[in-house]
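Go by the hints and put chain V onto chain P.
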Amino acid sequence: MSAPGNYNAMELYPLRSLATVLPRFQPPRGAFDPAGSWRNVYGVYTLASRTGPAARRVGSLAVERSAGSDGQAAWKVSYGKTLAGGTQKVSGELHGPADDALAAPRSWSFRIRLLDGAGRALARANVDGRAACRDGEVTVAYGAQRRAFHVPGRYTVNWCLFDAVQRLGGKGRKPISFTLIDHFDQPKPGTSLAFRAENVVAVAGGRALRTQAYEQLGPGNVPWVYWVDGRGQLLFVVAGLEGYVLETKPAGGKP
Amino acid sequence: MTGKSRQNARAAGPGVTRRRVLQAGGLGVGVMVAGPGVARAAATGAEAPAKRPNLLLILCDQLGLDAIGAHGCADAKTPNLDRLIRGGTTFLESHSTNPVCSPARSSLMTGCMPVETGVITNGRPIHASRPNLGQWLGRHGYKTVYCGKWHLPGGYQPRIEGFTVLPSGAGQGDLNDTAVSNACAAWIRNRPKDKPYLMVASFLQPHDICYWGNARGNRMPPDLGLPFERLRDELPALPPNHRARPAAPQKLAARACKGFSEDMWRYYLWVYARQVEMLDADVGRVLDAVDAAGETAHTVIAFTSDHGDGRGRHQHVSKWYPYEEAMKVPMVLSCPGRVAEGHRDTTHLVCGLDVMPTFCDYAGVAPPKASHGRSLRPLLAGRDVAWRSYVVSEWMQQGRMVRTERYKYARYRGDPVEMLFDMKADPWETKNLARRPEVKAVLAEHRAMLAEFEGGLDVVPPTASIERRRKTPKRPAKGGRRS
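Protein sequences, first through last, are from chains P and V. Residues in the first sequence are numbered consecutively from 1, following this note's numbering. Residues in the second sequence are numbered consecutively from 256, following this note's numbering.
If you're looking for bench data, these hints aren't it; they were derived computationally from the structure. As the structure is a computational prediction, the values presented were derived from the model and not from experiment. Careful, some of the hints might be misleading.
[Stated by the list, open to error] Quick list of simulated restraints, FRET-style, between CB atoms:
| id | chain 1 | residue 1 | chain 2 | residue 2 | range |
| --- | --- | --- | --- | --- | --- |
| 1 | P | Asp70 | V | Lys450 | 48 to 54 Å |
| 2 | P | Ala118 | V | Lys450 | 21 to 27 Å |
| 3 | P | Ala144 | V | Glu722 | 41 to 47 Å |
| 4 | V | Gly597 | P | Ser91 | 37 to 43 Å |
| 5 | P | Arg24 | V | Gly669 | 47 to 53 Å |
| 6 | P | Ala35 | V | Glu416 | 52 to 58 Å |
| 7 | V | Glu484 | P | Arg134 | 36 to 42 Å |
| 8 | P | Pro97 | V | Thr602 | 27 to 33 Å |
| 9 | P | Ala118 | V | Ala636 | 44 to 50 Å |
| 10 | P | Ala118 | V | Glu484 | 47 to 53 Å |
Note that CB positions come from ideal geometry on N, CA and C, so glycine has one too.
Chain P on its own, in the form it takes in the complex (with noise of 0.2 Å):
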């Protein structure tokens, strides 16, 4: 296991993308429960810097999770980004099982809304889609529109990795190979999900967090590897130059 500030260590690849903002990243404090409800929010950033380390935020994302008494979760994500001369908002509802490993859901719906720079929604770029899977055969709507494409296997909707991996295990988990569906809509077979390491990472104060990082790997994406701390909640994404940290209540401040 590497030191706390090595980011450079090989096992930490590709962390040092965020060297600029750990230092600054109190953890969170309190009981956090994977496999029930509870409410994430990331600050998304871009990390493309040729000079050295940076990450300039550009986004937030929250993921939320609810856990029914039926054995059913619902996730809701909200995903917003700047952009030049507008913002883009993404919502999402998505609703399936609760033990999945994959959080992998059953039916979801997804609203896209590109707004100008005083904030009116552009109608024409309006995307609203809803979509369901049934017997591997996953059919996506938006309007009259239709599109449908086979799953063989296991499945989930990128978001809803950034609940499974919290409820993975840590070490003694095999990998998972199943078909990622990115961005609600987009089928990328042969992505697989693993146990990547153990690590301990230097955060505010210079104080040391224990991790387990995760993996994920396949077609259509560079690497994506999620970090999760003792507790079980997942804190930091990295993916080539897109990068997400938790944001948390400052110690001692307010949210």
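Just chain V, lined up with the frame of chain P:
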């Protein structure tokens, strides 16, 4: 060449000499002798206004021609680009006018070489005298929409002359391209149908690879090795010319990427392939929307890239130089009933200058006067027309390249080392023949072609750069040693 014959050659496109124009006329190919304008459009059977097709330019960034499955790439799965290629015509001798983002884009948007648009480096606007596609076709009855990377001068701009802009531009390709494809697909589904449209869907991938190739960045620190052991059996092989370092001008010789282990190089190639696949998924979303709108047969789709990427060839990453990995880009057109399906054009030399005149031709509109690309429409219809004998590319203000059917000639400004490759015998560009006595005549011929081309350029002053303001270069020379 006389002034009149030069005019003819310009009208026909770079590399088409007076002799070839006359030959074409002799063969009864009217298009070759018609000047730019409505007459030429009519000669190629332009659409009546009521039947004018939609025009969709799908543009990407840093995609080499052979990085697509249908073009022979085994490392990336590109089902959507493959179906576009299968359903249309792909040009396998397609070249960037300048393997640098902004200059190449200025050519795609105007039909002019970068020294003629004022965009000689990144981060410059197109010169006011050169109308872009949106301005030109908007004036001629098209609804014009742009979404995605622009880089003329800003990477993403809320306003672009001639276009309605759908906002985009959060981060790099991985964060942004999905927003672009969703916005474009939604607009195609929901658009008003009162007039035909020109849409530019401009994706950034696989340009994200630029942030892997730079050792100062975060993704490839020195001695990284292979960061994901599970990938070991999936890594692409190194290209056959990975170690090739033919004699080259100093600036090119200095461009080799140092410090990558073999694992790092192969990881770099693996990442690039994934970024190509990300692009493919977003292209697919737009193609699906066209299909779902029932407009496939009424939409001319062009797919191209501003330039390629080094991909370990000659130990290169990135672009900005004249080797094939940076220069060759896809040029695919599709429209059932208008464009030959499943055709692979391996002979005609095409380039980024040709997008403007091709779209104008389908729109039944004369291209702007300054535009001197060639309409690809006759080729897309399977017609045998006389074609240019060479294309020219430039890169920044550093050099120019002439590509003929068999040879590539390149030189850098102020550097005595010239480059000549026999592209038939040595397609991986491993042997620089320029100093060999047996190619003396070939070299002279290519120098003359470049001089001819440069003599026909209508150079404008460089426009103001938003990058490196203090290093604005002087006005480039029309030709000669400056290249």
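Hints, one by one, checked against the model:
no. : hint                              : verdict
1   : P:Asp70 <-> V:Lys450: 48 to 54 Å  : holds (52 Å)
2   : P:Ala118 <-> V:Lys450: 21 to 27 Å : holds (26 Å)
3   : P:Ala144 <-> V:Glu722: 41 to 47 Å : holds (45 Å)
4   : V:Gly597 <-> P:Ser91: 37 to 43 Å  : holds (41 Å)
5   : P:Arg24 <-> V:Gly669: 47 to 53 Å  : holds (49 Å)
6   : P:Ala35 <-> V:Glu416: 52 to 58 Å  : holds (55 Å)
7   : V:Glu484 <-> P:Arg134: 36 to 42 Å : holds (37 Å)
8   : P:Pro97 <-> V:Thr602: 27 to 33 Å  : violated (58 Å)
9   : P:Ala118 <-> V:Ala636: 44 to 50 Å : holds (46 Å)
10  : P:Ala118 <-> V:Glu484: 47 to 53 Å : holds (50 Å)
Violated hints amount to a single one, hint 8; each of the other numbered hints is respected by the structure.
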